[in-house]
Amino acid sequence: MKEKSKNYKKTNSKNGKSLEEYKKQVAERLSQLTPILQRVSMGDFSENIVVPEKEDEFTELIVSLNLMVDDLRGFKGLEEYKKQTAERFSQLTPILQKVAVGDFSENVVIPEKEDEFTELLASINLMVDDLKEFTEMQKKAKEEVEKKVTERTKELKRRTDELENSRRALVNMIEDVSESREKIEEEKNKTLAIITNFSDGLLVIDLQGKLSLINPQAEKTLEVRAKNVEGKKIVDLSVYPFAKLIVDLLGEEIKEVFRQEIEIKKDLVLEATTIPMTQSDEKFGTLVILHDITREKLIEKMKTEFVSLSAHQLRTPLSAIKWTLKMLLDGDLGKITDEQRSFIEKTYISNERMINLINDLLNVTRIEEGKYIYKPQPTQLENVVQFVVNSYKDEFAKKNLKCIFNEPTEKFPLVKIDVEKIRLVVQNFIENALRYTPAGGEVTISLKCDKREVEVSVHDTGLGIPVDQQERIFTKFFRATNAMRVDTEGSGLGLFISKNIIDAHNGRIWFKSEEGKGTTFSFALPCVLSGEGLV
Amino acid sequence: MKKILLIEDEEIMIDLLQKKLISEGYDVSVARDGEEGLKKVREVKPDIVLSDIIMPKKGGFEVIEEIKKDPDLKNIPIIVISNSGQPVEIDRAQRLGACDWLIKTEFDPQEVIEKVKKQIGK
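In order, the protein sequence lines correspond to chains A and B. Using the working numbering, read the first sequence as starting at 1 and increasing by one per residue. Using the working numbering, read the second sequence as starting at 1001 and increasing by one per residue.
Mixed in with the good hints, there may be bad ones.
[Stated by the list, open to error] With a Cα cut of at most 30 Å, we get these calculated DSSO-like pairs of lysine-lysine:
no.	chain 1	residue 1	chain 2	residue 2
1	B	K1069	A	K393
2	A	K346	B	K1057
3	A	K140	A	K98
4	A	K393	B	K1045
[Said to hold, decoys possible] Which chain A residues face chain B? A few, computed with CB under 10 Å, are given here:
no.	residue
5	D248
6	L249
7	E420
8	L424
[Claimed, not checked] Counterexamples of contact, computed for chain A against chain B with all Cβ distances above 12 Å:
no.	residue
9	Q217
10	M277
11	T481
Honestly, the hints are just simulated from the structure, not real lab data. Think of the CB as a built atom: it goes at the ideal place given N, C-alpha and C, for glycine as much as any other residue.
Can you make the complete structure from the sequences, with help from the hints?
Laid out in structure tokens, this is it:
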């Protein structure tokens, strides 16, 4: 630069220009520098001053200035470098932060253009990769350990559970056993309590005919003590007077009995029933139940007395009326006019109806008492029917009805019946036929026998029973609507009583009917020889 | 003349039967309760006794029982004429020795006469 300024001086002096001109030239040249220097002063070092090709006294100055600008520019580059570096480092911050918290998912992006950072960044990436790998290894190891621990824990838990289950099962078994034992014990106690407190006397007899149990009620009734009789043969109990009655009833072979009445003493009536005791179809003994029916017997007696008394009370005035009217009609009480006779006859019929109604009511009472059938006897049923048919001959004639009795040609087997009651059934059948068959009709009474049973039928050509009312025909107080229109007087008890009578004889009762055409009522009773008949 | 003792507590029945029996030619004595009946049976020594069952003082069953227990009277036939007539009662009367049991509502005086005739004749 010193050399340039020397050259510049030399040039100037050589050209020999005036000072003023020179001054002017210098000012001009210097003013040319001003914009650049202004920019430099503001820190803009981008442009250098153009050095004219022709060297002059300014050349050196301009070169120096350019050098200075270059220096300043270099200085500014350092600043920028610092700033740039800081920026580059700041770019690393989020990644390094992530690394610090163990997140190795991101690597630093290495710019394609290598620079002084490239190595550093590569190192960082290597470090991150190492850390990542190490962490993953660690994680894997941890996972493996954890997995193993979990497996072992599971296994342990399984074993513990198994053990617990076994323990529980065992406890349950023990509990079950003790519970069962308790239950059995409880059941036994319960059974014993029932037996002990049962209001009926109970005796248990084993297959050897020995008394294995007697309850307090039976001890009391038979006046024996359990400790003296239990274990003894039943036949040996005959030494006790009351027990003897039971022994006699059962016999040595311990017969089966059902509701057998035994009067132990006055005011003590027992009903004995035996029940075979079985376990899985094998008999292991007999239970004898001694039920005290003293009270029932008393009530039965009272009821019989009541029925008898009411019958008496109700019938007394009716029989007085009946007898008086009958004697009037028979002329025993003097002559009567035809008109009087007509009235008396009608009154007599009304009275008879009343008597029949009361008889029906009494019969129903006795049916409900369950003691209606009385002492059945082997009987020729055809004779009973014949008797009833004969007694209605006049009635048929009076109503202008043809009565056909198909008398059997041979003798039938006997039937075991309460004659009075069966007669009542035949009467009911015939009376219904009479009542509900219009004049000019026919009533046919037939008998037949098929060795097993004897059958009686009464067929009429009367009103018939409406289909919708047929199933109620045997119910108490029921009367068919068409029957009520013809005759308002019936009690609706006749067929109810009839059915009860036939049922009590183990017989069958039925009917066939078509409204407007006629009805056939039938009953059949078992023959004595073929069936069991009445017990 | 055959003697009949009628033991009955109902006036109308006494009147009717007495009239009927007398008209048939019988000698009729009447007692109005069981006790009187037993007294009269000893006094009158009838050929037949017609007795009710339900009566004051002494019932018909006792009357039958006592008559049948008495050797002097036991052969006198007894016909029960009652408003009642349950099989057990009829059975009992027969066991005690009564020869028949007529239920009043089922029989009329004429039929009673026929039963009497059957037992002792006219």
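Evaluation of the provided hints:
1. Between B:K1069 and A:K393 the alpha-carbon distance is near 45 Å, which puts this suggested pair outside the 30 Å criterion.
2. Our distance criterion of 30 Å between C-alpha atoms is broken by A:K346 and B:K1057, whose separation comes to about 38 Å.
3. Of the supplied pair hints, the one linking A:K140 and A:K98 holds, its CA atoms being roughly 20 Å apart against a limit of 30 Å.
4. At roughly 43 Å between alpha-carbon atoms, A:K393 and B:K1045 are farther apart than 30 Å, so this suggested pair is violated.
5. Checking A:D248 against chain B: minimum C-beta separation of about 24 Å lies over 10 Å; hint violated.
6. With a least beta-carbon distance of about 24 Å to chain B, the hint placing A:L249 at the interface is violated under the 10 Å criterion.
7. Checking A:E420 against chain B: minimum C-beta separation of about 8 Å stays under 10 Å; hint holds.
8. Among the interface hints, the one on A:L424 is violated; its C-beta lies about 12 Å from the nearest C-beta in chain B, farther than the 10 Å criterion.
9. With a minimum CB-CB distance of about 31 Å to chain B, A:Q217 clears the 12 Å threshold, and the non-interface call stands.
10. Consistency note on A:M277: stated as away from chain B, and its beta-carbon is indeed over 12 Å from all of that chain's, at 37 Å minimum.
11. Against the 12 Å criterion, A:T481 stays outside the reach of chain B, whose nearest CB is about 31 Å from its own CB.
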